[in-house]
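2 protein chains.
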Amino acid sequence: MAEPLRIALAGLGTVGAGVIKLLEANGTLIEKRAGRPIQITAVSARDRSKDRGVDLSSYAWEDDMTVMAARDDVDLVVELVGGSDGPALTLARNALRAGKSLVTANKAMIAHHGLSLAEEAESRGLSLKFEAAVAGGIPVVKGLREGAAANEIDRIYGILNGTCNYVLSTMEDTGRDFGDVLKEAQDLGYAEADPEFDIEGVDAAHKLAILSAIAYGARVDFDAIDKSGITRIRAADIAEASSLGYVIRLIGMADTDRAADGPLRLFQRVQPYLVPLDHPLAAVDGPTNAVVLEGNFVGRLLFQGAGAGDGPTASAVMADIIDIARGEESAAFSVPVGQLEHMAPAESGHRLSRAYLRFTVTDKPGVLAEITAAMRDAGVSIESLIQKGQAGDAHEVLVVMVTHECAEHCVTDAVKLLEGSESLTEPPLVMRLLGE
Amino acid sequence: MAEPLRIALAGLGTVGAGVIKLLEANGTLIEKRAGRPIQITAVSARDRSKDRGVDLSSYAWEDDMTVMAARDDVDLVVELVGGSDGPALTLARNALRAGKSLVTANKAMIAHHGLSLAEEAESRGLSLKFEAAVAGGIPVVKGLREGAAANEIDRIYGILNGTCNYVLSTMEDTGRDFGDVLKEAQDLGYAEADPEFDIEGVDAAHKLAILSAIAYGARVDFDAIDKSGITRIRAADIAEASSLGYVIRLIGMADTDRAADGPLRLFQRVQPYLVPLDHPLAAVDGPTNAVVLEGNFVGRLLFQGAGAGDGPTASAVMADIIDIARGEESAAFSVPVGQLEHMAPAESGHRLSRAYLRFTVTDKPGVLAEITAAMRDAGVSIESLIQKGQAGDAHEVLVVMVTHECAEHCVTDAVKLLEGSESLTEPPLVMRLLGE
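Protein sequence lines, in the order shown, are assigned to chains A and B.
Note that the UniProt record's numbering has the first sequence beginning at 1, numbered continuously upward.
Note that the UniProt record's numbering has the second sequence beginning at 1, numbered continuously upward.
Bound conformation, chain A alone (with noise of 0.2 Å):
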């Protein structure tokens, strides 16, 4: 029998006993698969004394989970921890210091300090590994990193939030309004108690941050996502997309450009589109994740399933693990860290794209005059434009525009013209429409 593989186990939330649940269902088929045993030898959490639906009594109990990295008896580190900084990460660089291998669903943590711990783990001939830290329980982090490994990628997007997805579906599906299907998700457990995260696009973004590095070899740049949420979407806004013949979808997207002859750069973005209803992410409903990738000789590939919950986060755990049982041991972004490059931010004014723009207005004359002058001005071509009375205010009325293909400035210059105008209750809502 070969050696097992022991693991411990830091952070005992959903995912944490989700991962222990798996490994007590399914060890025996897991242990053929891995080609050895792989045991839990230590678990540290917060609190011990509580209910968590799992024993943990044939488990070693360590509060200082530093302390649990650096046992004789522990392989590799399981971080569940969470957040970006703080003791998921302290714990990060000391299970690599004490020579474990480490395994994470922490996207934050990754898209953060994910250079830092790949270059840790490298130098000291380590795994690190983080499927779970995007898109939950699809392993598109291993598709693209050795499915898709001869491509070049042409373009990487999805749908990389469930509870955006969740929400954004539900609003559609029942005409209800933002607030009111935000609240539903929380009850349901979908959303936190503090939702920013999902609903600003932040969460996305740390998932888009790890997949663009990947795919195009860049060093990990999150704070270079152009990012913004959902929470101006109106239950208007999904009635005039689908009337068009789209849905809305928050969409994190990534793809290169290269101004003249410079080098090429890298453009990530994070915002809701105007998905067409032939497209396959139109079809992605409730908290499921999906991603497409575009290589130069596969073409597009979808990827798609559960992006969060105790099961899937666990079952992308244990892949990794599976993985390092059976001596996968590549460089944790495709390419070594010393070789990912450093690729500037690409503009986003140039880029051609259809606009979808939503204006709320008073109700009184020559409002559309104001706002189709400015577009002229701007040098932006309307494709549509529907006016619409808003029930229930007798003084707001939505005006909501398609565009012809134009560079994005153009928009971004219309909508600057209009800044401080009278007739607009709010700043417009500007949204792109998913190119093929």
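Take these hints with a grain of salt, some might be off.
It does not matter which identical chain is used: a pair holds within one copy or between any two.
When the alpha-carbon atoms are kept at most 20 Å apart in a straight line, the in silico EDC-like pairs for lysine to aspartate or glutamate are as follows [as the list claims (entries may be wrong)]:
#, residue 1, residue 2
1, Lys-227, Asp-257
2, Lys-32, Glu-328
3, Lys-32, Glu-152
4, Lys-32, Asp-154
5, Lys-183, Glu-200
6, Lys-21, Glu-426
These are computed hints drawn from the structure, not numbers from a lab.
With chain A held as given, fit chain B onto it using these hints.
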């Protein structure tokens, strides 16, 4: 610089030429990701003088593939010759015996001889990999074998043949009949001149046999697959399915069951199914492939992409090569061949499903009474029934019905009761409805 991985390429059809083009286009990137250069040193094909659109002058040419496989300057052989036996199999065996790892896109060979090849590879500490044999460019062997490795697989199913999917979705879009669309698919190069392997479900069954072995830790059992093709599907079937809220797709499916306290048995079937419009597979059009796997922790995962073509297939071949270059060396079928189980084929008679039946009958009194009596006598409860005259044929009438959920043997019994009936102009066409 690390030692290069030196490759011999056997077979220079579109995929073989695609591998050369891929390495020419993306070689630098691939070297970075693989951690070492990947070099083609020798090539072999039937006809040396044929123009393949690639420059072969920097590779050694070998007329004899076996001689090529034994060259000292070759570490790994890529078999792209095709055919389950004959030269491909001879080469594969000789390559492994000469101590070279083997990468192949040959689904027929792996479905028929994969176990003996894997055994040979294992006994010599070599790699055998065949990502490109299943679903073209989609990394689904990897997704199943590694990404979902922590899961018991509840069910695996998908669209595994691009030709059939092109034909069915084109019939759907255009209302045209089978023969007409198949002819077009041949003209477009999607279907072989002899399309039997595709349209009779043999090709899909090769892929299913490989997937189910990995999913269930079972010895590959191609012969046990209950397969039927799409040749009997008419435009009228597509139209009726559509009016009921379904599309027709050729689905390969595997799961397991157990009789009383007996051992697990493996169910494998390739058949046209009625797929509900809101199922992710319903949106899969044209020559695209898609595989769904359902795991006991990860839930439902979907992998979708191009199922054939030189670029996607070359991408999958190269992904295997990169894995080998990175030192990934685990068992071809996820567990060593000696640990794969002999699983008996599952009976299908007791399986519960809803069925679609289409009868082609002569237009005379009593026919409906005869059919419905047979259903009643076999214990099949009819959910809906439509009878329609056929355009252009005054004497032929279609009777289409959908049953309530019942054991499959009841439907078989009903069909048997009608055998030899003078009312039926051809045997009934039976398809199942894909369950959730």
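Status of each hint after checking the structure:
For a Cα distance limit of 20 Å, the shortest separation of Lys-227 from Asp-257 inside one copy, 19 Å, qualifies, whereas the shortest one across copies, 48 Å, does not. For the homomeric pair Lys-32 and Glu-328, the shortest alpha-carbon distances inside one copy (16 Å) and between copies (17 Å) are both at most 20 Å. Taking the shortest alpha-carbon separations for Lys-32 and Glu-152, only the inter-copy value of 12 Å comes in at or below 20 Å, while the best intra-copy value is 35 Å. Taking the shortest Cα distances, Lys-32 and Asp-154 sit within 20 Å of each other only across copies (18 Å), while inside one copy they are farther apart (38 Å).
In the homo-oligomer, the alpha carbons of Lys-183 and Glu-200 lie at most 20 Å apart inside one protomer (15 Å), although the nearest pairing across protomers, at 52 Å, exceeds that limit. Taking identical chains as interchangeable, the C-alpha atoms of Lys-21 and Glu-426 are never at most 20 Å apart, the minima being 50 Å within one chain and 54 Å between chains.
Of the hints listed earlier, the one the structure fails to meet is number 6.
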